[in-house]
Amino acid sequence: MSTDQATIGDDTVRPEQANGRPVWMEKPSLLVQALKFIALAISVALVIIPFWSIIATSLASQETINAAAGGMVMWPGGIDLTAYQAVLSGGVVTRAMIISILITVVGTLLSLATTAGLAYWLSRSGSFGSKPMVILLLGAVLFSPGLIPNYLVVKELGLLDSYWSLILPVMINAFNVIVMRAFFQELPQELFESAAIDGASSATILVRIVLPLSKAVLAVIGLFYAVAYWNAFFNALLYIQTTDKWPMALVLRTFVVNQTTIGGDQLGPAEALPPQLSLQMAILVIAVVPILLVYPFLQRHFAKGVMIGAVKG
Amino acid sequence: MSPVAFTRRQVLAGASGTALLMGLGLSGCSNGSKSAETNSVAVNNAAVLPTYIPYTGLEPDLPGTEEGVDPAFRNFPSENPRSVPETPGRGGSVSGMANIYYAVPPGPDRNTYWQGLNERLGTNLELQMVSNADYQQKFATTIAGNELPDMLQTPNGSPPPVANLPQLLQRRFTDLSEHLSGDAIKDYPNLANIPTRTWRSSVYNGGIYGIPIPRGAVGNYHFIRKDLFDKAGVSAEPKGYEEFLETAKALTDPAQRRWAFSLWNQPRTVLGRMNGEPNVWREEGGNLTHRYETEEYAQTLNDMIAFWKAGVMHPDSFNPAQPFKQLFNAGTVAINADDGYPGWTQYILDNQDNEEFELGLMPVYNRDGSDLAPWHLGSGIFSITMIKQQDDPERLKEILRVLNWLAAPFGTEEYLYRLFGQEGVDHEKDADGNPVLTKTGTTNTVLPIRYLADSPYTIYQPGRPQDADYQHAYQSQAIPTGIENPVVGLFSNTAATDNAPADKKFIDGANEIVQGRQPFSQLAELVAAWRSEAGDKMRAEYQEQLQTGAGAPR
Chain A
1 MSTDQATIGD DTVRPEQANG RPVWMEKPSL LVQALKFIAL AISVALVIIP FWSIIATSLA
61 SQETINAAAG GMVMWPGGID LTAYQAVLSG GVVTRAMIIS ILITVVGTLL SLATTAGLAY
121 WLSRSGSFGS KPMVILLLGA VLFSPGLIPN YLVVKELGLL DSYWSLILPV MINAFNVIVM
181 RAFFQELPQE LFESAAIDGA SSATILVRIV LPLSKAVLAV IGLFYAVAYW NAFFNALLYI
241 QTTDKWPMAL VLRTFVVNQT TIGGDQLGPA EALPPQLSLQ MAILVIAVVP ILLVYPFLQR
301 HFAKGVMIGA VKG
Chain B
1001 MSPVAFTRRQ VLAGASGTAL LMGLGLSGCS NGSKSAETNS VAVNNAAVLP TYIPYTGLEP
1061 DLPGTEEGVD PAFRNFPSEN PRSVPETPGR GGSVSGMANI YYAVPPGPDR NTYWQGLNER
1121 LGTNLELQMV SNADYQQKFA TTIAGNELPD MLQTPNGSPP PVANLPQLLQ RRFTDLSEHL
1181 SGDAIKDYPN LANIPTRTWR SSVYNGGIYG IPIPRGAVGN YHFIRKDLFD KAGVSAEPKG
1241 YEEFLETAKA LTDPAQRRWA FSLWNQPRTV LGRMNGEPNV WREEGGNLTH RYETEEYAQT
1301 LNDMIAFWKA GVMHPDSFNP AQPFKQLFNA GTVAINADDG YPGWTQYILD NQDNEEFELG
1361 LMPVYNRDGS DLAPWHLGSG IFSITMIKQQ DDPERLKEIL RVLNWLAAPF GTEEYLYRLF
1421 GQEGVDHEKD ADGNPVLTKT GTTNTVLPIR YLADSPYTIY QPGRPQDADY QHAYQSQAIP
1481 TGIENPVVGL FSNTAATDNA PADKKFIDGA NEIVQGRQPF SQLAELVAAW RSEAGDKMRA
1541 EYQEQLQTGA GAPR
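Protein chains in written order, with our numbering: chain A, 1 to 313; chain B, 1001 to 1554.
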């Protein structure tokens, strides 16, 4: 502490509160704290209230919904599980849920394995044919082949009415490969070199070094894939003919009748539909719950993972 | 990441292979203009429609009329005669695809109703069910992939919204004339029970190319909440424009969240009839004028501006996703004027615990209130069921026999099973002998077989015999004043393809005018745009068929 300059950075000369905080970290006044609390509470409420309303409506009876002028309710006024019973009775939904879980698990694992493998190949500069492949991938991001060509491919491969039609055509997502490739490229190349000197093959490097270092990106891409498999109804609609093989997203969709005008000539005699709103909300809850259950375990990686590619592509 | 985006981004389908397949796919549907002529010249006149032989096994409480009033039953008949003496199938399987408005039922191995149906049909019925919202896309891919079931329902609409339908029918589906024309239909008595009016919509290329799913001539009902009318102290039969507007005002009280109408098309439909608009098209000497081009339409639009200004429409009236049925059930709106007539059953069911709820139907008078306004009749069909080309003529007959079974008329033994399943399992009988679905029945009986073949509509409301009289009286009042849409039964490719977006653009523009965002003078431009985008082509296509006497025989 011989010179003035040395003391500038010294904590001891800073003006300081009694509680040990520097001045710019001073404990805020009660008013400011209250305002902050209100602001945060409003933000949280904006997120929570729709969810709450969905759950409340799914539990509400038709009378309660009528009393709310046909809209969403905030307070179910008693628990009415009719909507859930309607959805879960008959065993169709439970069966479809098992199918969906299997497709999601198998599909996600296959997708991750193939995506990681492809991304690793493309991330190593100088590997055979990687440049044209990257261009092809970018092409696949920009141009989609369209509905009917896809259908014809699936049909010609003999996959119609097979569970594989829900996995194989969507197993590799070009965008995800590019994100993962960017992540792999950021890994220090020295690690690969030292492993190679120790005699590791490319496969060993991928499994023993690259993948353990890439948990964040695997978690995020895995979640992307899983959510997509879980929610996908459209490919099942096209490719799966036996209703017993339908995944849950498609089964649940049949519960939700298009709310726009059912025209003059539509429903047949003696046809009537169950009360719609609570049923739809129950479906929403059922469809969202599995993903909500998985999400907290991946959340840690999520914020980090989605940044990949944001600054380096 | 939407599921659709997920399916699109596919890597392995390489660009060149895709192009090749696309070529194949399209060549399947676009079969030059040559065969188009076979539909648009006089050949269709040569088609002889099936003889109409009404079913006489059961006497309705209130008879139907030739004009199109539906027969009515107050209670479900206690005697249920069999209309098909022999088992229609011969063992094997018959496949079909149709849309479904319900949650899918369990598969045949876990569905006693389905098993029983297969037994009665004498065939293994393989059904593909597709939610109505997705049906059109599934239909398109099924056609393009040429993976056709034996029986295929066209998407709902008249004409069916399928591009190049006549060519498609000719190449892939069966001309049924030999089996159904004239008296040949006597082999299939339940199909002969479908009114002639309805068969017109299944004539293409000079032949009968499908079984129509019949619907009542009345088309729509103007539903009202009679209890809310009474509470407001207004008549449920407003006569003329002024009284209609006053009634709407009396029913409206925004402070209590009450309005007369939920959606813009509700007052529009009533006002259109009041002003004497054509039923979509007006024909004079073989020339067609569309509703949008008429003076009457301009008058209706003017009236709509007045209604919107008067505040009698729900503030969210221009949102097509407005849950109008729920608003009606909740008593938020009192008039639901543009809804299908089978909605009656739905509203009664939705409100069976609501003691105040009283459903009514509103007649429409002309503008000065002197007389009933002409009723706009419905197209009479939901869809048509096409039959895949079969190698074996015996198999074709088997399929027709299955469809004949499925078209069993109201009250027959087959009808009872088709809609309500097995007594004691799928339904129980109430004190008046009306079948009431059990929980099992509600889940199991919703197979969309009623979209493969169906009997003509019959008025019947379980447990409410008075409803049969009420609806029958309303139809008897409305239908004699009815005017037909002159193009029903004709096919316009533009109507099946380009009209939907052009029409939406027109309606969006017209709604802007109603809301005062655009001047009224904008209407002329909207009509011109609609005409150039779809209207004129559609007119030309229809007129050609009308003038050459093509299309179905009248």
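No lab work stands behind these hints, which were simulated from the structure alone.
Watch out, some of these pointers could steer you wrong.
The calculated DSS-like cross-link candidates involving lysine-lysine, where the alpha carbons are at most 25 Å apart (straight line), are [unchecked claim]:
1) B:Lys1249 / B:Lys1231
2) A:Lys36 / A:Lys155
3) B:Lys1249 / B:Lys1239
4) B:Lys1226 / B:Lys1249
5) A:Lys155 / B:Lys1231
6) B:Lys1231 / A:Lys245
Computed footprint of chain B on chain A; a stretch qualifies when at least three of its residues, placed anywhere within it, have a C-beta under 8 Å from a C-beta of chain B [as the list claims (entries may be wrong)]:
7) 50-57
8) 98-108
Glycine is no exception: its CB is placed at the ideal position from the N, C-alpha and C atoms.
- Does the alpha-carbon distance linking A:Lys36 and A:Lys155 stay inside the 25 Å limit? violated, 59 Å
- According to a criterion of three or more residues whose C-beta lies within less than 8 Å of a C-beta of chain B, is the stretch 98-108 of chain A covered? Not satisfied, violated; 0 residues make the cut.
- Message: Between the alpha carbons of B:Lys1231 and A:Lys245, is the straight-line distance 25 Å or under?
- Response: violated, 52 Å
- Message: Tell me if the straight-line CA distance from B:Lys1249 to B:Lys1231 falls inside 25 Å.
- Response: holds, 13 Å
- Quick one, are B:Lys1249 and B:Lys1239 close enough, alpha carbons at most 25 Å? Holds. B:Lys1249 to B:Lys1239 sits at ~15 Å (cutoff 25 Å).
- Message: Please verify the coverage claim for the stretch 50-57 of chain A: does it have three or more residues whose C-beta sits within 8 Å of some C-beta in chain B?
- Response: violated (count 0)
- Item | A:Lys155 paired with B:Lys1231 [C-alpha distance capped at 25 Å] | violated, 61 Å
- Given the proposed pairing of B:Lys1226 with B:Lys1249, does the C-alpha separation stay at or below 25 Å? holds, 16 Å
Going through the hint list in order, the structure does not satisfy hints 2, 5, 6, 7, 8.
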